[in-house]
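**Student:** For the sequence shown, the working numbering assigns the number 451 to the initial residue and increments by one for each residue that follows.
Think of the hints as simulated: they come from the structure by calculation, not from any bench. Every residue, glycine too, gets a C-beta built ideally from N, C-alpha and C. Treat the hints loosely; a few may be bogus.
[Claimed, not checked] Calculated pairs, EDC-like style, for lysine to aspartate or glutamate (alpha carbon to alpha carbon, straight line, at most 16 Å): (1) K701 x E647; (2) K648 x E682; (3) K662 x E682; (4) K473 x D485; (5) K598 x E680; (6) K657 x E774; (7) K598 x E538; (8) K721 x D735; (9) K743 x E700; (10) K741 x D651; (11) K706 x E748; (12) K797 x E554; (13) K657 x D606; (14) K473 x E501; (15) K640 x D626; (16) K662 x E647; (17) K768 x D626; (18) K657 x D739; (19) K657 x E610; (20) K701 x E663; (21) K662 x E720; (22) K585 x D684; (23) K595 x E663; (24) K648 x D485; (25) K582 x E748; (26) K473 x E554; (27) K585 x E720; (28) K595 x E554; (29) K706 x E639; (30) K648 x E501; (31) K662 x E700; (32) K662 x E538; (33) K504 x E774; (34) K743 x D684; (35) K789 x E554; (36) K767 x E712; (37) K595 x D516.
[Claimed, not checked] Quick list of the computed label-pair ranges, beta carbon to beta carbon: (38) D478 x K595: 51 to 59 Å; (39) R716 x S788: 43 to 51 Å; (40) N633 x K525: 51 to 59 Å.
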Amino acid sequence: MRSNFESKNKNQIIGIVYDLPMKLESSDQMNFPDDANAEWESQKTIDTIIETWKHLGFSIILFPLDSTFLMNWNKFSSQCTLIHSLVEGWGSLARESWIPSLCELSGIPFIGSEPFAQSICMSKTQIKLLCKFLKIPTLPFYTIKNLKDLSNIPRDFFKETHFIKPDGEGSGMGIDASYSISNSKSNTEKITKTILEKYPDGVLIEKYIDGKEFTSGIIGTPPIFLPIAEIEVDDGIYGLSNKSKEFMGEKVTFPKLSKINETIIRNGTEKLFNYLNIRDFVRMDWRCDNKGKIYFLESNTLPGISYYYSVLPLMAKKMGYSYEDLFSILANSALTRSKNRNLWYGKARLQKKSPKS
């Protein structure tokens, strides 16, 4: 399927904002864990994304997140037709909404969802609570902010195998087959303590099911529902050890699902997409138990789009879209909102020239 973006839009400028692909240096005041950069794109992927936008006819302004960022944003962001943020950041449940918030305040269209949806989906607890409200099947869970919260969990819950993971991290951070699964309260306390020390935003403990994992996706405006993919990894746990920024560490296939599970996944994905006003692209993860019942796991409103190691481009490819087509769809989708009211304030205040004194 050939991209039609370039023929329709000329002389467009896209600003690309990204985390520097290097580790953060710890100090006495700031102690960064070894995996703090786990979600950031590699330089290889950043370069490929730049070249893809160029092939679509865009000029490029780069905004690396370093000491020059705010100065460069102040000088050059107003020249941009569109902003593409790759920023994952670190240490905040609002981190994926940093750049969308700045774009709104600056009155500049951007690819991806508004800050509200980004922040809600960053917390596994919040999105699972929303699933319960919308009657989307999700596994029983408890959220732990400190070790005392463990006393609020019924004893019977610990008799079943359960899964332990950080509440607000992505890319499998804090998840590993060697410690994420527990079937005793004492072991769960030990694991929870370790995770809280590293990820203080909270720990999610949910019922564990040993089954297949699937991912659904939507791109574009109007929304295009992508083929549902199955994710397979060697140890059965889709954690940090399975995710690389250099190659595809998991096996991605497109099996035929039962009609009922396909319907549950599609309806659940579309419900969350519409309720949260998710924009342009999203990926949602699901897991199936040994009886064939499907459950929602989490949502990613800033899914990876690396040519080398991301699942979403493979899902788009399965539907007939090339890598450039995917970017074209994202750009066209984002630009449909260039006159939306969430940009009005920034356009009226920050883009308006001050009256001469």
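**Student:** Which of the listed hints are not met by the structure?
**Tutor:** When the structure is compared with the hints, numbers 1, 2, 5, 6, 7, 9, 10, 11, 14, 16, 17, 21, 22, 23, 26, 28, 29, 30, 32, 34, 36, 37, 38 and 39 turn out to be violated.
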